[in-house]
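0 is the number of the first residue of the sequence shown in numbering that gives the first Met the number 0; add one for each residue after it.
Keep in mind the hints are simulated off the structure, nothing from the lab. Note that CB positions come from ideal geometry on N, CA and C, so glycine has one too. Certain hints may be false.
[To be verified] Computed list of lysine-lysine pairs in BS3-like fashion (alpha-carbon distance at most 30 Å, straight line):
(1) K30 with K58
(2) K15 with K70
(3) K15 with K46
(4) K48 with K70
(5) K58 with K37
(6) K37 with K15
(7) K30 with K15
(8) K58 with K70
(9) K58 with K15
(10) K15 with K57
(11) K70 with K37
(12) K70 with K57
(13) K48 with K37
(14) K10 with K57
(15) K46 with K70
(16) K30 with K46
(17) K48 with K10
(18) K70 with K30
(19) K10 with K30
(20) K15 with K48
(21) K30 with K48
(22) K10 with K46
(23) K10 with K58
(24) K37 with K10
[As the list claims (entries may be wrong)] Pair by pair, the computed Cβ-Cβ distance ranges are:
(25) M40 with L96: 32 to 42 Å
(26) K48 with A83: 25 to 35 Å
(27) G115 with F8: 31 to 41 Å
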Amino acid sequence: MNTNDQFYFDKNEPNKSCLLTMRDIIFNQDKNITETRKYGMPCFCYKGKMFCYLWVDKKTNEPYFLMVEGKHLDHPQLETGDRARMKIFRIDPNNDLPISTINLILNQALDLYRNGIILIAKK
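Whole structure, please, built from the sequences with the hints as guidance.
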């Protein structure tokens, strides 16, 4: 098992299944998405540029999406907290995932890169 997979399989249910589903949803957004680990958490990149992370809140034990360029995103369910740049979208692992909302937020984030608002280094 690689280190990316290990993060998910070290979790207890229902977080394990929820995080694995969240991961699949991210990968289904675009063929240019890759996964790595940064700061101990799964990091998803679009054409090599970080765009979101998955993590579990230490206080609530609930998973969330961390949108790297969240300051550019406007959705009522995104939380800024004490962050200047990033926003999070919390997931309740005991309920059905809000797929349409997740897809909307992920595509808004990816469009920042696709449309050149966030620049991607040329190779």
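Do the hints match the structure? See the list:
1. K30 with K58: 34 Å, violated
2. K15 with K70: The given pair, whose Cα atoms are some 28 Å apart, holds under the 30 Å limit.
3. K15 with K46: 27 Å, holds
4. K48 with K70: Holds - the C-alpha atoms of K70 and K48 are around 16 Å apart, at most 30 Å.
5. K58 with K37: 21 Å, holds
6. K37 with K15: Cα-Cα ~19 Å, so holds.
7. K30 with K15: The hint holds at about 24 Å.
8. K58 with K70: Measuring from Cα to Cα gives roughly 24 Å; hence the hint holds.
9. K58 with K15: 17 Å, holds
10. K15 with K57: 15 Å, holds
11. K70 with K37: Given that 30 Å is the threshold and the Cα spacing comes to 20 Å, the pair holds.
12. K70 with K57: 23 Å, holds
13. K48 with K37: 12 Å, holds
14. K10 with K57: 13 Å, holds
15. K46 with K70: 20 Å, holds
16. K30 with K46: Between K30 and K46 the Cα gap is close to 9 Å, so the pair holds against 30 Å.
17. K48 with K10: 27 Å, holds
18. K70 with K30: 25 Å, holds
19. K10 with K30: Holds: K10 and K30 sit about 27 Å apart, inside 30 Å.
20. K15 with K48: 26 Å, holds
21. K30 with K48: 14 Å, holds
22. K10 with K46: Given that 30 Å is the threshold and the Cα spacing comes to 28 Å, the pair holds.
23. K10 with K58: 15 Å, holds
24. K37 with K10: The given pair, whose Cα atoms are some 17 Å apart, holds under the 30 Å limit.
25. M40 with L96: 32 to 42 Å: Check failed, 19 Å falls outside 32 to 42 Å.
26. K48 with A83: 25 to 35 Å: 19 Å, violated
27. G115 with F8: 31 to 41 Å: Taking Cβ atoms as reference, G115 and F8 lie about 37 Å apart, which means the hint holds.
In this structure, the hints that do not hold are numbers 1, 25, 26, in rising order.
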